[in-house]
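Whole structure, please, built from the sequences with the hints as guidance.
Number of protein chains: 2
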Amino acid sequence: MSEHVVVIGAVALGPKAACRFKRIRQDAKVTLIDRDDVFSYGGCGIPYFVSGDVSEANQLRSTAFHMVRDEPFFKDIKGVDVLSSTEATSIDRANKQVHIKNLKTGEESVLDYDQLVIGTGATPRKLNLPGEDLENVFYVGNMHDAERIKQGITQGKYGKAVVVGAGFIGLEMAESFADMWGIETTVIEIFDQILPRMCSPVLARMGQLHMEEQGVNFVLGQTVSSIEGNGKVEKVVTAGGEVEADLVIISAGVIPNDKLARECGLECSERGGIIVDEAMRTSDPLIFAGGDCVIIKNAVTGDPMFLPMGSMANRQGRVIGGNLAGHDEKFPPAAGSWVVKIFERAMSGTGMSLGAARQAGFDAVSVMLIMADRAHFYPEKDMMTLEMVVDKATRRVLGIQGFSAGGDAMVGRINAVAAIMKFQPKIEDVSNLEVAYSPPFASAMDVLNAIANMADNALSGMNHGQGPDIFAEYWADRESGDYCFLDVREHADAEPFLEKYPEYWHNVPQGEIPQRYDEIPRDKKLVLVCNTGGRSYEAQVMLDALGFKEVLNTHGGMAVIKAYGVDI
Amino acid sequence: MSEHVVVIGAVALGPKAACRFKRIRQDAKVTLIDRDDVFSYGGCGIPYFVSGDVSEANQLRSTAFHMVRDEPFFKDIKGVDVLSSTEATSIDRANKQVHIKNLKTGEESVLDYDQLVIGTGATPRKLNLPGEDLENVFYVGNMHDAERIKQGITQGKYGKAVVVGAGFIGLEMAESFADMWGIETTVIEIFDQILPRMCSPVLARMGQLHMEEQGVNFVLGQTVSSIEGNGKVEKVVTAGGEVEADLVIISAGVIPNDKLARECGLECSERGGIIVDEAMRTSDPLIFAGGDCVIIKNAVTGDPMFLPMGSMANRQGRVIGGNLAGHDEKFPPAAGSWVVKIFERAMSGTGMSLGAARQAGFDAVSVMLIMADRAHFYPEKDMMTLEMVVDKATRRVLGIQGFSAGGDAMVGRINAVAAIMKFQPKIEDVSNLEVAYSPPFASAMDVLNAIANMADNALSGMNHGQGPDIFAEYWADRESGDYCFLDVREHADAEPFLEKYPEYWHNVPQGEIPQRYDEIPRDKKLVLVCNTGGRSYEAQVMLDALGFKEVLNTHGGMAVIKAYGVDI
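Those sequence lines, one after another, are chains A and B. Position one of the first sequence corresponds to residue 9 (the numbering used here), numbered consecutively onward. Position one of the second sequence corresponds to residue 9 (the numbering used here), numbered consecutively onward.
Treat the hints as calculated values from the structure; they're not laboratory data. Just so you know, not all the hints are guaranteed correct.
The list cannot tell twin chains apart, which means a pair is met if one copy fits it or any two copies do.
For lysine to any residue, the following SDA-like pairs were computed, each having C-alpha atoms within a straight-line distance of at most 25 Å [stated by the list, open to error]:
| hint | residue 1 | residue 2 |
| --- | --- | --- |
| 1 | K400 | R366 |
| 2 | K134 | D485 |
| 3 | K430 | V373 |
| 4 | K434 | R404 |
| 5 | K305 | K434 |
| 6 | K305 | K338 |
| 7 | K570 | T71 |
| 8 | K389 | Q222 |
| 9 | K430 | A247 |
| 10 | K338 | K430 |
| 11 | K338 | E498 |
| 12 | K570 | A458 |
| 13 | K338 | V373 |
| 14 | K338 | G310 |
| 15 | K557 | Q523 |
| 16 | K134 | E242 |
| 17 | K430 | E286 |
| 18 | K434 | P341 |
| 19 | K37 | R524 |
| 20 | K557 | S10 |
Listed below in structure tokens is the structure:
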């Protein structure tokens with residue numbers, strides 16, 4: 009009898025593992041089971057289905073050549089049997105059996121397996137709020153949720169939406185409501201920034217400001233205490249107030265579906281998630297697991313990490329498919345790369361944010377740079393803001409995050425750093441990273457090389473200063489007289505600020521410092537500013553050499569001061 | 009007395025090394041000398057100046073904040089002395105002196121140095137053709153050449169241009185003539201493809217076809233024997249014929265300017281170029297060299313490599329600047345990344361092309377994939393063609409090249425592979441490379457992961473077949489009866505070909521193979537075709553398992569067949 013592989017869960021990981029194994033082992037029998045009758049869909053595409061960018065739900069479960077990945081597709085095209093609307097109720101490892109139940113008929117039966125794959129995914133984290141069961145309150149867990157949400161939208165049912173949680177899905181859903189449907193949308197987040205833990209508060213604020221410009225409202229640092237309404241939702245209540253809503257989306261992260269694995273005695277993490285080795289094998293050598301229900305290894309810290317992403321699931325699925333067939337394939341530790349499109353901007357990152365790095369015990373610092381993403385003389389370009397997080401003692405690059413209108417160009421840089429994260433790169437590895445050069449695509453000294461050079465200069469003490477957040481604090485404290493805000497651009501650039509703030513704003517162009525440094529006070533903290541932080545860095549080097557004591561360079565200059573929204 | 013560093017050559021490397029050193033060592037004296045009175049310009053921007061994308065020549069020598077990098081700029085802003093129009097005639101290493109000559113006054117003098125940097129760049133390779141001295145025949149060696157060419161163009165002097173050499177600069181110049189100025193432009197290349205050695209003939213042909221669609225003519229595989237005219241150029245003559253031209257650009261590569269180094273006894277390569285160590289130090293510990301005049305190490309082969317690119321020069325300049333100040337900085341081996349924009353497409357690569365790899369002695373194969381550069385259900389996307397070159401025995405990734413309308417997205421993938429080239433990646437390192445995922449930016453199984461998976465399947469023997477070049481040979485030989493061209497798409501897709509070629513074209517949709525394989529001849533070579541090579545791969549796996557002997561999958565399917573220009 010031919011070998012029988014059973015795969016539990018038919019979204020992302022499961023189908024990939026099943027089909028890969030079946031291609032290698034045409035003689036084997038593969039059974040793919042799923043609780044749902046809609047499966048093998050691209051869940052990350054749900055916000056684009058809701059927005060209308062993707063017009064039909066079936067597009068998310070179709071191949072590039074427009075075939076719907078349903079039961080006949082898997083049978084005819086892939087040679088894989090699918091049991092949909094079928095729940096795996098328990099795994100009997102001793103007898104190598106999966107107990108299943110048809111959710112439509114209630115019929116229970118047993119599948120014998122030779123090898124088993126668990127790809128049970130994750131479930132939206134429930135907040136268990138009072139009023140959560142009101143009509144028009146949704147979690148975004150599957151295509152049915154997505155279709156219900158979109159149906160109401162296209163019927164014009166909603167005028168005001170609240171999204172609880174400012175992570176990827178929350179921001180994408182908020183964009184889809186506000187951008188395409190003109191729904192008044194408010195995002196409520198328990199942390200005081202969007203994308204908490206993913207990037208610094210500074211980058212987060214740039215993203216938030218851009219979304220606010222596009223009409224999305226934010227309530228940050230607030231916990232939702234209840235959802236209220238009469239049958240249908242009417243408002244969301246926080247300690248700080250109420251927000252009216254006829255549509256509520258709760259996107260507060262996901263938790264791994266490890267119950268089945270846990271109940272049959274497979275090793276699981278205390279904090280949730282099935283533990284697998286590099287081959288994606290569980291503690292039972294006949295059982296593999298992957299995707300949103302497992303714990304993998306963090307390439308930066310070596311610690312366990314939960315990284316529920318469709319891309320991880322797909323790549324892991326292929327590794328499992330090979331290993332089911334006797335290959336010796338390994339899935340490497342992950343850096344945790346991400347990207348999110350928010351209206352006309354993208355935010356992306358890999359590795360750890362400054363906050364996450366410090367929380368993990370690193371003595372980390374970050375630097376921020378804003379620079380054109382191609383030759384500055386090339387007419388079409390975007391300004392890219394990058395923040396690089398480095399460990400002071402070892403000079404290791406711990407992470408990099410960014411914000412730009414040129415999403416593809418930025419993601420390309422993030423991916424290049426992600427590619428070397430498992431080799432534990434140092435600053436010099438990024439300083440000299442070989443970015444392909446031609447003026448329409450990069451600078452001769454590319455923005456990626458430049459951010460690493462800046463980190464090098466920060467660690468060596470040559471570039472000392474602050475980002476726009478600390479600048480804002482200094483500026484708010486300007487009446488203390490402790491600070492001299494020194495604009496080192498040419499006079500014409502500085503003039504509007506000199507006129508507006510004659511008491512606080514000063515101007516000595518960088519090239520005139522050797523002649524005019526006597527004009528600069530030695531008893532104040534010198535807060536240097538230029539357009540993007542380049543000339544102010546050179547000015548800082550000069551002033552340091554001239555014996556000035558507290559010279560503070562504003563990284564990213566007026567460009568990030570503006571993007572951060574400092575009131576100046 | 010303060011230390012004196014002399015830097016010979018003030019384009020790219022020289023200024024970078026000089027300014028970096030000066031920033032670290034404010035007390036030192038730095039003298040930057042250059043033969044030319046126009047220096048510190050972005051030479052790679054010349055085609056964009058000629059096209060008019062960059063309107064003024066000075067933009068190529070201006071900072072991002074619009075200051076021209078002239079003598080006062082270097083003096084006031086950078087603290088570096090510039091001697092322009094000054095040639096270094098010899099280096100006296102024993103006495104640590106550079107002999108110089110002012111090219112305007114003829115005055116000769118001597119500069120004492122403590123440390124020296126040679127950044128003398130490269131010179132266009134002369135073809136020494138009869139007629140090369142005719143009016144309106146140009147090499148593109150510096151800004152003066154660029155300004156003369158553009159002046160003639162803006163004055164409407166030229167109607168027909170010939171570009172000799174289909175490398176980066178040749179293609180960029182051809183685009184600038186044809187696209188912006190409507191000049192009838194012909195590119196003549198001695199090799200039988202554009203971008204020889206940089207990419208495969210297949211990718212090259214895709215680029216060529218795109219340029220031809222935009223009106224550029226190509227004469228490939230032809231050596232120019234003479235340039236003819238009466239005072240002014242009138243035509244370019246090859247063995248195969250003549251091409252009329254009132255403007256000729258010769259761009260046949262560059263040769264390193266190592267004469268000065270060679271004459272003072274510094275170690276140089278037999279084939280040209282100054283030899284430097286990882287610190288960019290020459291055989292004299294007091295002398296550094298970098299940029300287009302040096303030989304560096306190839307990250308793939310470990311062999312010496314000449315890689316004249318402005319980006320290399322800039323990064324090397326910073327390393328030299330640090331090392332002049334006593335740092336211990338190293339410049340890593342390079343993979344040889346490149347990118348060129350040709351009209352609405354980009355071509356890019358890193359590492360070795362298939363031809364270059366085989367020439368270097370690798371038992372290499374390549375695979376070709378065409379796929380959307382983001383989620384296929386996302387409305388805005390481009391099809392990206394990638395070709396990956398791998399070593400059969402070791403599974404090492406030797407190079408990757410591509411062609412796409414989505415330049416930034418493609419370059420980002422190339423850069424990610426380039427980033428790991430120095431770690432000698434294997435196929436699985438790219439299969440599992442962590443591409444940041446979100447539908448607007450990548451596929452869950454990204455095109456980059458997919459090309460590596462395809463290479464894996466090729467090496468394991470699961471995916472066996474050919475690119476469009478070999479397909480074209482089979483197709484040309486279709487009357488031999490040796491081949492069955494089997495379209496495994498749905499009937500509607502295959503129908504136009506079935507009608508046009510009823511004798512040669514056959515159709516069994518992939519999902520129907522298990523039922524219909526008796527219709528497929530067993531005595532012919534089965535050439536499988538689908539849209540992009542995905543379904544035909546699955547069909548191949550099925551047919552192999554069914555015992556068919558010669559099953560040949562067409563990589564990239566109809567999409568690359570079309571892009572390659574097969575007459576079908």
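Verification of the hints:
1. K400 with R366: Result: close within a single copy only, 11 Å intra versus 44 Å inter.
2. K134 with D485: neither (43 Å within a copy, 64 Å between copies)
3. K430 with V373: within (20 Å within a copy, 27 Å between copies)
4. K434 with R404: Classified as both; 4 Å inside a copy, 24 Å across copies.
5. K305 with K434: Answer is both; intra-copy 20 Å and inter-copy 20 Å each pass.
6. K305 with K338: Classified as within; 12 Å inside a copy, 31 Å across copies.
7. K570 with T71: This pair counts as between: shortest inter-copy Cα distance 21 Å, intra-copy 44 Å.
8. K389 with Q222: both (22 Å within a copy, 24 Å between copies)
9. K430 with A247: Neither: 43 Å inside a chain and 54 Å across chains, both beyond 25 Å.
10. K338 with K430: The answer is both: 13 Å in one copy and 21 Å across copies each meet 25 Å.
11. K338 with E498: neither (56 Å within a copy, 36 Å between copies)
12. K570 with A458: within (21 Å within a copy, 41 Å between copies)
13. K338 with V373: between (33 Å within a copy, 23 Å between copies)
14. K338 with G310: For K338 and G310, the Cα distance is within 25 Å only inside one copy (16 Å; across copies 28 Å).
15. K557 with Q523: Within one copy only: 19 Å inside, 83 Å across.
16. K134 with E242: within (20 Å within a copy, 78 Å between copies)
17. K430 with E286: both (14 Å within a copy, 24 Å between copies)
18. K434 with P341: both (18 Å within a copy, 16 Å between copies)
19. K37 with R524: Classified as between: cross-chain Cα gap 21 Å, same-chain 82 Å, threshold 25 Å.
20. K557 with S10: For K557 and S10, only the inter-copy Cα distance (24 Å) is at most 25 Å; the intra-copy one is 78 Å.
Of the hints listed earlier, those the structure fails to meet are numbers 2, 9, 11, in rising order.
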